[in-house]
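Start from the sequences and build out the full structure, keeping to the hints where you can.
In the order they appear, the protein sequences are chains A and B. With full-length UniProt numbering, letter number 52 in the first sequence gets 52, and the count goes up by one each step, no holes. With full-length UniProt numbering, letter number 85 in the second sequence gets 85, and the count goes up by one each step, no holes.
None of these hints come from the bench; they were simulated from the model. Check before you lean on any hint, since a few could be wrong.
Quick list of in silico lysine-lysine cross-link-like pairs, BS3-like style, CA-CA up to 30 Å [claimed, not checked]:
| no. | chain 1 | residue 1 | chain 2 | residue 2 |
| --- | --- | --- | --- | --- |
| 1 | B | Lys78 | A | Lys66 |
| 2 | A | Lys69 | B | Lys6 |
| 3 | B | Lys128 | A | Lys89 |
| 4 | B | Lys6 | A | Lys153 |
| 5 | B | Lys143 | A | Lys83 |
| 6 | B | Lys2 | A | Lys72 |
| 7 | B | Lys128 | A | Lys69 |
| 8 | B | Lys78 | B | Lys143 |
| 9 | B | Lys2 | A | Lys49 |
| 10 | A | Lys90 | A | Lys66 |
| 11 | A | Lys83 | B | Lys78 |
| 12 | B | Lys32 | A | Lys83 |
| 13 | B | Lys128 | A | Lys49 |
Negatives, chain A to chain B, calculated, CB over 10 Å [said to hold, decoys possible]:
| no. | residue |
| --- | --- |
| 14 | Leu42 |
| 15 | Ser55 |
| 16 | Thr60 |
| 17 | Gln62 |
| 18 | Thr67 |
| 19 | Asn92 |
| 20 | Leu105 |
| 21 | Gly106 |
| 22 | Tyr116 |
| 23 | Pro137 |
| 24 | Thr139 |
Residues of chain B clear of chain A, computed beta-carbon distances all greater than 12 Å [stated by the list, open to error]:
| no. | residue |
| --- | --- |
| 25 | Phe17 |
| 26 | Arg76 |
| 27 | Ile92 |
Glycine residues also receive a C-beta, built at the ideal position from the N, C-alpha and C atoms.
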Amino acid sequence: MSNKEHDVTRRQFLNYTLTGVGGFMAAGMLMPMVRFAVDPLLQNKKTGKMVSVVSVDELTDQPQRKTFKVKKVDGWHEFEEQKIAYVFKKKNGDIMALSPICTHLGCTVNWNDPAYPNEYHCPCHGGRYTKTGINIPGTPPPAPLHVYDMKVKDGTVYLGDAHPRGGA
Amino acid sequence: MKWCTKDIILFNKEKEFVDTVVVPLVPISWDKNMTATVREGEHITILAREIEHQLMGRMVEAPPFTYLKSESMEERMKRLKLWEKNIKESGIGYIFYLTSDVDWNQKNHNMLDMIWLPAVPLEHMEGKARDAYLDETVQDILKVITESWQQFSE
Chain A
1 MSNKEHDVTR RQFLNYTLTG VGGFMAAGML MPMVRFAVDP LLQNKKTGKM
51 VSVVSVDELT DQPQRKTFKV KKVDGWHEFE EQKIAYVFKK KNGDIMALSP
101 ICTHLGCTVN WNDPAYPNEY HCPCHGGRYT KTGINIPGTP PPAPLHVYDM
151 KVKDGTVYLG DAHPRGGA
Chain B
1 MKWCTKDIIL FNKEKEFVDT VVVPLVPISW DKNMTATVRE GEHITILARE
51 IEHQLMGRMV EAPPFTYLKS ESMEERMKRL KLWEKNIKES GIGYIFYLTS
101 DVDWNQKNHN MLDMIWLPAV PLEHMEGKAR DAYLDETVQD ILKVITESWQ
151 QFSE
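In structure tokens, the structure reads:
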């Protein structure tokens, strides 16, 4: 034990070891906490996926009933849900896609029922909406029909989630 | 509305708007015709779910009425009438029974609103064809239901 240059004192050795072990323990505790804190940022968004529904050429100023499927996840269970959209061109040429889910109690409304021409009519409680989905006063629905997120790419209409409109 | 707590709470809150119940009739057997029996039940279960989805604001989809294929028609009817009595007592005006079982079609079951549809082997149908078939069939059933709503409201 005479080779002083390479020797580490007992005190130094203990210091190094304790710092090292302590560091690992601290890291072990902090890492999950940091992971939990930033978790929302790491979640990849399940929503916002757009599905191709109809080609633009098919659209007219009359709402057309189109069905499409979206993937839904319920816990671990993944399944496909069938959705309906009424798609048409507005006067100014903009494309609009409405969700036919009645804002009253969730029934599916129909466009242009013989008894209710040029309106959406809900078979359940007689709710009515104009062509652009605005609820007609005096009928049960409390709000306009929801509007789908929409984008056009290469002449095809893609739809995403349906959202309520501000105001009513 | 489905037979789950969340929907039934809503049902009790919005009772004035809900006047219809749909009961799928699901047969059971364990003999050599088991596949056909299961198909009849599955077919009607899928349709009932879709109908509930489209008219959820005015109807409750009851849990399926199950019965053994070997159970006599009288016995089934007796039990079904008991269901009907219970449902009617809760203030429900319309009850529709959905079935793909021929038993219910052959015999005359007056007083019951039975909607009978032949069981289609959905397991052999692919994506688009299956969707189109279901969509059309559901529209037909919806028509039957909404028409009887209109008849009585006028």
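Which numbered hints are broken by the structure, listed smallest first? 1, 4, 11, 12, 18, 20, 21 and 25
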